[in-house]
Every structure is written in structure tokens, then in C-alpha cells.
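Participant: Listed here are the chains, written in short residue letters.
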Amino acid sequence: MELIINQLFSGLVRSALYFLVTSGLTLLFGVVGTLNMSHFSLYMIASYVTWTLCNLLMGHEVAYWLAFFLGALTMCVFALIIEFLVMRRVYERQLGDQLLITFALVFIFDDLTRTIWGSSPLFVTRPPILAGLAGWGNIHVPASGIFVIILALIAGLSTWFVLARTRVGRISRAAYSHKIMLPVLGIPIQRVYMFMFVLSVLLASFAGSAWTVLGVVDLGQAHSLLIECFCVMVIGGMGSFPGTALSALICGLSYSFAILIVPKLATPFIFLLAGIILLIRPWGLMGKVGRLH
Amino acid sequence: MTSVSAGLLLGEFWIGVATEALIMTLFAMSFSLLYGHTGLLSFGQAAYFGVGAYGFAVSLVRFELPFLLCIVIGIVAGTLWSFITGYICVRLSGIYFAIMTVVVSQSTFYVLFQWYGFTGGDDGIQGLFPPGILAHARVYYYLALIVVSAVLLGYWKLLRSPFGLSLRCIRENMLRTQFVGIDVQRHRLKAFVIAGFFASIAGVFYVPLTRTVVPQMANWHSSGNAVFMGILGGPSQFSGPLMGAIVWVFLDAFVTGFTEHWPLIIGSIIFMTVFFMPGGLSGLLSASIIRVARKKKRRDSKIAKGKGLNGRDIADAEPD
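Top line first, the protein sequences correspond to chains A and B.
The first sequence begins at 1224 in the numbering used here and counts up one residue at a time.
The second sequence begins at 584 in the numbering used here and counts up one residue at a time.
Because the hints were derived from the structure by calculation, they are not lab data.
The beta-carbon is built from N, C-alpha and C at its ideal position, and this holds for glycine as well.
Errors might be hidden in some of the hints.
[What the hints assert, rightly or not] Listed next, with one range per pair, are the computed distances between beta-carbon atoms:
id, chain 1, residue 1, chain 2, residue 2, range
1, B, Thr839, A, Ala1354, 41 to 51 Å
2, B, Phe841, A, Ser1447, 29 to 39 Å
3, A, Asn1229, B, Glu647, 41 to 51 Å
4, A, Gly1341, B, Thr793, 20 to 30 Å
[Said to hold, decoys possible] Here are the simulated EDC-like pairs of lysine to aspartate or glutamate, each with C-alpha atoms no more than 20 Å apart in a straight line:
id, chain 1, residue 1, chain 2, residue 2
5, A, Lys1402, A, Glu1315
6, A, Lys1487, B, Asp706
7, B, Lys773, B, Glu755
8, A, Lys1487, B, Asp705
Modelling step: build the complete structure from the supplied sequences, incorporating the hints.
Facilitator: Written out as C-alpha cells, the structure reads:
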């Protein structure tokens, strides 16, 4: 029983991480139509930035939380710079060009990260509140895991709120379904795109900062997550925000239970799911039916 | 002609570089066939490169089969894998196809990595020497030259054939091509398998050059090399893959000696190419050939009208 609860918990943590990393990518694709292959590199950079800020603020009472907040801010500024320099010219281009340019960015970001922070893995000291185990009765779970789950819930619900109840959100949803009409109605679509890009990077930076308390900050962290997150996105429906949430939940839990049954097949299991979805229902679980782009 | 004499003239190091350029041309061709001629952007060609390489390596080392048979096994393994994965991939288009190819590449890497018993996992397989005379770099260069030339000839014929034309139609407008009556799915699958075939040959012949295989040969980053070579060379032209491969091998040989910012340079070059040189190097070349041809035509037509090259009538020219 304990084992099941533990696995359930670690599955939820994994789902939370998948969701945080993938939701930004999905939003950007859905509203703007660009698949940003460098999204995972941005997630990695966010972890490194958090590490640097944690080091700078070492000794402060709330070092980690400040680093979290300031890191998110830094990443937003970075996103604005990238948007101005690169992404702006990418939106109207063909799919192939978009993928190639963002792919080139992966290389550039990887090298940038290695130059600034070196190739050794880095560790962030957890704040005391997240360091131990929380427990009820017989069950003990790592507090950092609880943090990530709560973070994912807050991020998800806030983003949902922005999308569903605010004017910007309504415009973004309109851009998802009726892109051509927006400029006709006089809505500055470039600003919507800019907002979406910054939002996607913000979500990635939450994920990056969250990762620093879960594991090691490393050059390879994006690559290990990349393939699973692509699968999450495909299963949920590319461009669908609730789809990503659902699919993150499914994938995270499947992984942690597959580990119990057949350890070596746990990761390929997600690939298998993605493959099946692509064969029978390519627009994903919650994507628009029949819409393949 | 140049390549044959180069084989005789170049020193030991450069022979290796030239051989690598030849083999990588095949890898680049596998990407270019799909992207430049069929419109399918594949980030997963390294999967077939890796499977071809491993098929060769495992049969050579583990089963100790004759060299030629190992080559065949490697190529068959890679091509078969491209058929199986291609069957799923070609049903998708655009972005889904691209993502699926990334999934395939990384999954292949993962399987090669995890299957320690069969593939040696992260250690890779070492000690893969070609037998007898082929162990000499110069001889291997000529072998690679023969193989690559044969494949290039096949590629040329393919592009000039009705099949090649159909692929270009599919690239331009898939819906219209379907209306004309062409079975788009079968064509795409065939193109995918042929591309996988090219990539496997590249993988198989790459192994005796580097004498080792590692699972990383099949991952996403390795596919990125094919993407780089294809895009830089110009994916829609016949000479594109060769030019891209030469540049990549040259950079690989030199740049790593000067700086460790290899990814930065690769990324920047892809970046610049997409923005400023969409046709790639071969596109630039053909554009300048066209420009020279146009200038010549203008010159010729001026002379035909009785005007000298500086605009004055020839009849009015003063005798010097």
C-alpha cells in the first residue's frame, strides 16, 4: 500500500514537471503557430539562472524563493530580448524555417550555457522548508515534491484564469481558432505573440526553478526530458492547454507505475502511447478534431 | 577526376577527412531527399545511420561474420528500421512528422543505449577494423569513392525520374498531387525508405573509418548534423549534400582545434543560412551561374545589334 502511494506521489511530481515544461510550448504552438524547439533549452537556462541567483543570495533567509522570483523575472527579460531579435521574424515563416531557426537556437543556447556555467553538474541547496519529508501517519513524501505539485497547480490555474477570464486571454484564444480575423479587427497581433512567447518562457522558468530542488542542474537535463515532453504534447493535442494538463497527468502516472511492472519499458511506454495516438487520433486527446496544424 | 587524383596526392590526415566527407555526403543526401525534394523535414535520419552502423558492428564483432556480409546486414537493418518507422511517420505531415522523427531518433538512441547485452550500451563497440588491405586509409578512400559515386549516380537517376518529379509535386502541393492521381502515401514511404537506405550505407561505411560505434550516433544531435549539412549545402539541389558535407567535415576537422564553441558555430551557420541563403551553398552557386549566363546573353545581344561593349556603334570605332 505504501509503495503504491509513493509511486502515485512520484508520478504526480513527474506529471507536474511535464506539465510545467510542456504547457508553455503548447500555448506558443496553439496561439502563435510556432513550435519552439529551443523551449527545453530555455528551461535548462532557467535552472542555471536560478542556481546563480541562489548562490548570489546565499545566506539570506528566503534565498531560494527570491531566486525563484528574480529568476522568473530574468527569464522574462531574456525572452523579450530573444523575441525582439529572433522570434519576431520567425512567426510568419514556413514551418520548416521555423523549426530550423529554433533548432539552431538549441545549439546556440547549449553553447552559451556551457560557456557561462561550465559543463559540470551544479547543485542548489534546498531551502529548509523543502528539504525534508512531510508525513501523515505512515506515509512520508519529499517536501520538494509537494512544492512542485502545488506550483504546477497554481501555474496551471493562473494560466487558465488568464486565458479564460481576461481580455488578453480571450484574444489569445481567438488567435488559436481564427488567426486571420484578428488583424482585420484591428488587434495588434504582434503584441499578442510577444505576450504568448513571454508567457511560455515564464512557465518554462517555473519548471526550471522547480527542477533545481528536484535534481541536478546539468547540460543534459533538457535532452532527457525533451522526448517525453514531445510525447506529452502530442498525446494531449498540440496547442491544447487542458490537453497538456491531462496528458501530463497520464504520462507521469503511467511512467511511475510502469516502473513497477516493467522498469526498462517505462520510458518507451510513453513513446508507444504517442505513436498510438498519432495513428488513431493525431490531433491528440483534446485537440480540435481533424485539425492537424 | 579531382577526387581520384586527390586520393593519390593528399596526406594521411586529409585522406581521412576526404573519406569522411564522402561518407557524410550520403548522410546529408538522406536528409535532402526528404526535405529538399519531398518537403518532409526529418530530424531523425541518425536513427538509420546508427542502426546501420550497429548492424554492421554487432555482426562483425559479436557474430564474426565476413566483412561483406556485415555490410549487407548493416544496410538491411537500417533500411528495415526506416521502413517500420516510416510506415508510422509518413502518415503525418508537417509538424507532426518532424516531431515523430525526433521521437524515433531518440527512441532508437535509447534502445541502443539500454540494450547492454546486445549493443554494449554506453560503452559502444570498439576494435572494428576493416580486413586486410582496406585498413589502409588510401585504399579505404577509394572504396568510399566508388560506393559514394555509385550511390550519387543512383540519386541523380532518381531525381531525374518520374518518381523524383512526383516527389517534387508532393513537396509543392500535396492536395493537388493527390487529385492528379498520385498515391502520396506510397511515394512518401518509398522516399523515406530510400532516405533510410542512404543513411544506413553512410552508417555502415562510417564505422571502419572511426573504428568504433556509440549509441550517440543515433540521437537527435547526430541528426542535427545531417540537417546542418543538408540545409547549408542546399537541400533542393543535387550538389547540395556534397557541399554541405565538405563544409561540415572541414569545420569538424579545423574548428575543434581552435575553439570549443562548436555548437555555437553550427547554430549560427544554420541561422544565417535560413535567413540569408535559403537555397544553401548550391543555391548560391546556381544563382551566380544564372547571373553569369544572363550577363553573357546581354553582351551577346549587344554585339549582335552592332554596338560595342561600351555602348558605341562598332562602325564608329576609331582605328588604333
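Participant: With reference to the structure, classify each hint as holding or not holding.
Facilitator: A quick look at each hint next to the structure:
1. B:Thr839 / A:Ala1354: 41 to 51 Å: holds, 42 Å
2. B:Phe841 / A:Ser1447: 29 to 39 Å: About 31 Å separates the Cβ atoms of Phe841 (chain B) and Ser1447 (chain A), which means 29 to 39 Å holds.
3. A:Asn1229 / B:Glu647: 41 to 51 Å: Roughly 47 Å apart at Cβ, these two residues keep to the hinted range, so it holds.
4. A:Gly1341 / B:Thr793: 20 to 30 Å: Cβ of Gly1341 (chain A) to Cβ of Thr793 (chain B): about 28 Å, so the range 20 to 30 Å holds.
5. A:Lys1402 / A:Glu1315: Answer holds: Lys1402 (chain A) to Glu1315 (chain A) is near 12 Å, not above 20 Å.
6. A:Lys1487 / B:Asp706: holds, 18 Å
7. B:Lys773 / B:Glu755: Roughly 18 Å between the alpha carbons, so the hint for Lys773 (chain B) and Glu755 (chain B) holds.
8. A:Lys1487 / B:Asp705: holds, 15 Å
The structure fails none of the hints (numbered hints given earlier).
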